[in-house]
Amino acid sequence: MTPTTPTDLATLQTETLNLLEWHRLGQHLATFASTKLGAIAARQLPIPQTPAETQTLLAQTKEMYALEQSLIGGLKFDGVQDIGDALERAERQGLLSGNELLAIATALSGARQLRRTIDSQPDLPVLQDLVADLRTYPELEQCIHYCIDDSGKVTDRASPKLGGIREQIRELRDRIYDTLNKLLQRHGNAIQELVITQRGDRFVIPVKAPQKDAIPGIVHDVSASGATLYIEPQAIVNTGNLLRQRWRQEQVEEEAVRRTLTDQVAEVKPDLEELLAIATTLDLATARARYSLWLEANPPRFTNLDDDGNLQPIPAEQTLLRQLRHPLLVWQHQHEDGAEVVPIDLRIQPEIRVVAITGPNTGGKTVTLKTLGLASLMAKIGLFVPAREPVEMPWFDSVLADIGDEQSIEQSLSTFSGHIRRISRILNAIAPTATEDPISAPTPPDLTPSPDIPTPSPLPPSTSLANALILLDEVGAGTDPSEGSALAIALLNYLADHAALTLATTHFGELKALKYEDNRFENASVEFNDVTLSPTYRLLWGIPGRSNALAIAQRLGLNETVIDQARQHVGLSASDDVNLVISGLEAQRRQQEQKAAETAKLLKQAERLHDEVSRKAAMLKER
Numbered sequence: 001m002t003p004t005t006p007t008d009l010a011t012l013q014t015e016t017l018n019l020l021e022w023h024r025l026g027q028h029l030a031t032f033a034s035t036k037l038g039a040i041a042a043r044q045l046p047i048p049q050t051p052a053e054t055q056t057l058l059a060q061t062k063e064m065y066a067l068e069q070s071l072i073g074g075l076k077f078d079g080v081q082d083i084g085d086a087l088e089r090a091e092r093q094g095l096l097s098g099n100e101l102l103a104i105a106t107a108l109s110g111a112r113q114l115r116r117t118i119d120s121q122p123d124l125p126v127l128q129d130l131v132a133d134l135r136t137y138p139e140l141e142q143c144i145h146y147c148i149d150d151s152g153k154v155t156d157r158a159s160p161k162l163g164g165i166r167e168q169i170r171e172l173r174d175r176i177y178d179t180l181n182k183l184l185q186r187h188g189n190a191i192q193e194l195v196i197t198q199r200g201d202r203f204v205i206p207v208k209a210p211q212k213d214a215i216p217g218i219v220h221d222v223s224a225s226g227a228t229l230y231i232e233p234q235a236i237v238n239t240g241n242l243l244r245q246r247w248r249q250e251q252v253e254e255e256a257v258r259r260t261l262t263d264q265v266a267e268v269k270p271d272l273e274e275l276l277a278i279a280t281t282l283d284l285a286t287a288r289a290r291y292s293l294w295l296e297a298n299p300p301r302f303t304n305l306d307d308d309g310n311l312q313p314i315p316a317e318q319t320l321l322r323q324l325r326h327p328l329l330v331w332q333h334q335h336e337d338g339a340e341v342v343p344i345d346l347r348i349q350p351e352i353r354v355v356a357i358t359g360p361n362t363g364g365k366t367v368t369l370k371t372l373g374l375a376s377l378m379a380k381i382g383l384f385v386p387a388r389e390p391v392e393m394p395w396f397d398s399v400l401a402d403i404g405d406e407q408s409i410e411q412s413l414s415t416f417s418g419h420i421r422r423i424s425r426i427l428n429a430i431a432p433t434a435t436e437d438p439i440s441a442p443t444p445p446d447l448t449p450s451p452d453i454p455t456p457s458p459l460p461p462s463t464s465l466a467n468a469l470i471l472l473d474e475v476g477a478g479t480d481p482s483e484g485s486a487l488a489i490a491l492l493n494y495l496a497d498h499a500a501l502t503l504a505t506t507h508f509g510e511l512k513a514l515k516y517e518d519n520r521f522e523n524a525s526v527e528f529n530d531v532t533l534s535p536t537y538r539l540l541w542g543i544p545g546r547s548n549a550l551a552i553a554q555r556l557g558l559n560e561t562v563i564d565q566a567r568q569h570v571g572l573s574a575s576d577d578v579n580l581v582i583s584g585l586e587a588q589r590r591q592q593e594q595k596a597a598e599t600a601k602l603l604k605q606a607e608r609l610h611d612e613v614s615r616k617a618a619m620l621k622e623r
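Start counting the sequence shown at 1; every next residue gets the next number (the numbering used here).
The set of hints was computed from the structure by calculation and includes no laboratory data. The model shown is predicted, which means the values in this text are computed figures rather than measured ones. Take the hints with a grain of salt, since some may be wrong.
[Claimed, not checked] Simulated pairs of lysine-lysine, DSS-like, Cα-Cα distance not exceeding 25 Å:
| # | residue 1 | residue 2 |
| --- | --- | --- |
| 1 | K76 | K62 |
| 2 | K601 | K616 |
| 3 | K36 | K269 |
| 4 | K182 | K208 |
| 5 | K604 | K616 |
| 6 | K76 | K36 |
| 7 | K601 | K621 |
| 8 | K153 | K182 |
| 9 | K269 | K153 |
[As the list claims (entries may be wrong)] What follows is a list of derived Cβ distance ranges for each label pair:
| # | residue 1 | residue 2 | range |
| --- | --- | --- | --- |
| 10 | N18 | I40 | 16 to 22 Å |
| 11 | R259 | T11 | 43 to 49 Å |
| 12 | G404 | E598 | 39 to 45 Å |
| 13 | Q49 | P160 | 41 to 47 Å |
| 14 | S482 | I47 | 38 to 44 Å |
| 15 | R259 | R173 | 23 to 29 Å |
| 16 | T117 | Q198 | 44 to 50 Å |
| 17 | G404 | R259 | 30 to 36 Å |
| 18 | P313 | S482 | 33 to 39 Å |
| 19 | S151 | R322 | 28 to 34 Å |
| 20 | E340 | A617 | 42 to 48 Å |
| 21 | L95 | S424 | 19 to 25 Å |
| 22 | P160 | T31 | 57 to 63 Å |
Note that beta-carbon positions come from the ideal geometry of N, C-alpha and C, so glycine has one too.
Given only the sequences and the hints, what does the whole structure look like? Please build it.
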């Protein structure tokens with residue numbers, strides 16, 4: 001078995017994220033961010049490598065979740081913006097513009113308000129620790145606002161010299177305007193229009209071309225028709241030259257002010273970068289909390305972490321995800337008029353290593369894989385999970401999937417070959433140093449009922465398990481059914497020995513018997529309604545499913561004659577006997593569920609009657 005390099009594993013994990021459409025979840029999360037930096041971070045969503053990182057992110061989300069509900073309008077990020085480019089240029093001794101300096105001052109103010117809000121609230125130890133070292137430099141902010149006005153222009157008060165220069169500029173402009181206005185009045189017949197305008201940095205008036213000699217001066221421009229000349233009268237040339245000098249002096253002095261402020265920014269660049277990082281962390285935590293609130297999600301508890309957050313080889317409790325919903329389908333239902341989401345229930349005992357999910361096509365088997373994969377990743381990055389409380393699940397080092405049709409035209413790979421290549425890489429990833437013999441395909445188990453129930457195989461040593469969640473869609477499909485089922489059995493047995501948890505969808509009936517040979521295996525199936533001939537998308541545990549291919553074909557409108565002939569060809573084989581047993585079990589389960597629902601309804605009625613009687617008894621006692 002070829003060892004897996006870190007690059008190979010990273011590539012495999014990236015491919016899994018693509019198969020699970022992780023980028024879409026990041027895009028959805030980004031809509032709940034308040035800043036550009038937070039939205040970028042939400043779309044990138046790096047996956048934590050340790051449980052400690054996850055626990056920190058989850059603690060941030062929990063506190064921000066509580067804060068969002070206690071504050072009117074939630075946490076405000078007014079003024080917090082991306083000043084990273086300005087900080088880089090300041091460090092390289094570039095000159096920051098007035099608007100860039102103003103953005104830095106605004107970001108300092110916004111970050112300070114964030115810290116004040118968080119510090120003023122009780123029971124936020126993680127967030128308060130995060131902002132404890134936040135340095136917002138109020139003196140620098142005040143200095144910038146003193147020297148730069150709201151439009152980004154350097155103020156007169158920024159330096160005495162600048163104020164004096166601008167006063168001279170105003171006086172020179174007034175003199176020029178006075179002179180030009182007098183010329184306009186005196187030579188009205190030669191003037192094209194009674195306006196004073198500029199060409200470049202020179203003041204001019206529009207003069208009719210035939211009468212240009214009436215106003216001696218310098219021609220700076222000509223109209224497109226040639227009928228108008230824009231002349232700077234000789235009477236203001238010297239004053240204009242002097243004004244130009246003052247403008248240059250003003251520019252030099254403004255740059256000196258901005259240079260001083262830029263140098264001050266450069267001196268504290270590391271602290272300002274840390275400020276941006278903290279603000280981004282806060283915004284991302286806020287986005288996670290808001291998204292979790294929107295999803296009506298609940299915080300996960302990791303069953304394979306001890307009280308100190310250390311990873312344990314075997315979960316202490318079952319994986320419990322009740323009413324788990326696919327987050328992307330929830331978004332599609334709410335925002336894109338998609339179908340209503342059918343939740344699933346996952347109850348996986350600690351000793352289970354492999355769950356074989358069977359049932360009809362289009363029944364929701366693949367969606368189940370993707371839902372659990374996304375839920376595991378969501379919990380890992382500190383998001384709540386869209387399931388009922390309590391949410392209890394393992395923390396996985398990695399989530400690796402083979403889902404969908406991986407046929408590659410460029411590589412001339414069949415569907416089967418594409419799946420095998422990816423599965424081979426997954427096996428290398430979870431056991432990179434394994435020296436075991438290659439997987440050998442065992443003989444498919446005999447489905448004939450026997451009084452001799454095989455003894456379940458014991459759990460392998462926990463140290464041999466890779467802490468990975470493996471998701472396999474239609475394992476063994478795409479080739480001869482007998483060989484495919486044999487390969488699938490061998491593969492799942494191998495994964496039971498080497499991976500923490502594997503969920504595999506299949507149509508092979510032989511895989512349904514693994515549960516009765518090995519207590520590390522469990523069956524689940526997607527429910528099919530025999531009356532409506534359609535899937536319900538509910539996940540059932542402990543009962544293997546039927547493919548229901550003929551029923552689905554009938555529902556989709558296939559010719560009845562073809563379907564009848566198919567039923568005759570199928571006959572009453574051993575697999576039909578199994579299907580009849582499964583059908584009976586499903587009917588019994590539906591009856592039990594109906595009785596349980598009726599019992600729950602009666603219990604609620606009894607509780608309401610009890611409360612009503614207690615209330616009336618209390619009122620009588622008060623009398």
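Hints and how they fare:
Proximity of K76 to K62 is assessed by CA-CA distance (about 18 Å); at most 25 Å being required, the pair is judged to hold. Under the criterion of a C-alpha separation no larger than 25 Å, the hint pairing K601 with K616 is consistent with the structure, at around 23 Å. Of the pairs offered as hints, the one joining K36 and K269 holds, with about 20 Å between alpha carbons and a cut-off of 25 Å not exceeded. The hinted pair formed by K182 and K208 meets the criterion: a straight-line CA distance of about 17 Å does not exceed 25 Å.
For the hint linking K604 to K616, the alpha-carbon distance of about 18 Å falls within 25 Å, and the restraint holds. Under the criterion of a C-alpha separation no larger than 25 Å, the hint pairing K76 with K36 is consistent with the structure, at around 14 Å. Straight-line distance between C-alpha atoms of K601 and K621 comes to about 30 Å, which puts the hinted pair past the 25 Å bound. Distance restraint check for K153 and K182: the Cα-Cα separation of roughly 33 Å exceeds the 25 Å cut-off, and the hinted pair is therefore not satisfied.
With a C-alpha separation of about 23 Å, the suggested pair K269 and K153 falls inside the 25 Å cut-off, and the hint holds. Hint check: N18 to I40, Cβ distance near 19 Å, so the stated range 16 to 22 Å holds. The hinted window of 43 to 49 Å between R259 and T11 holds, with their beta carbons roughly 48 Å apart. For G404 paired with E598, a C-beta distance near 41 Å keeps the hint of 39 to 45 Å intact.
The beta-carbon spacing between Q49 and P160, approximately 57 Å, falls outside the hinted interval of 41 to 47 Å. The given range of 38 to 44 Å is respected by S482 and I47, whose C-beta atoms sit roughly 39 Å from each other. Checking the proposed 23 to 29 Å range against R259 and R173 shows it holds: the Cβ atoms sit about 27 Å from each other. Between T117 and Q198 the beta carbon distance is about 49 Å. The supplied range of 44 to 50 Å therefore holds.
A C-beta distance of roughly 58 Å is found between G404 and R259, which places it outside the suggested range of 30 to 36 Å. Evaluation of the 33 to 39 Å hint for P313 and S482 yields a pass: the beta carbon distance comes to about 36 Å. S151 and R322 have their C-beta atoms about 57 Å apart, which leaves the hinted 28 to 34 Å range violated. A hinted range of 42 to 48 Å holds for the C-beta pair E340 and A617, which are about 43 Å apart.
The hint said 19 to 25 Å for the Cβ distance between L95 and S424, and at roughly 57 Å that hint is violated. Roughly 50 Å separates the CB atoms of P160 and T31, a value that falls outside the hinted 57 to 63 Å.
Hint violations for this structure: numbers 7, 8, 13, 17, 19, 21 and 22, all remaining hints satisfied.
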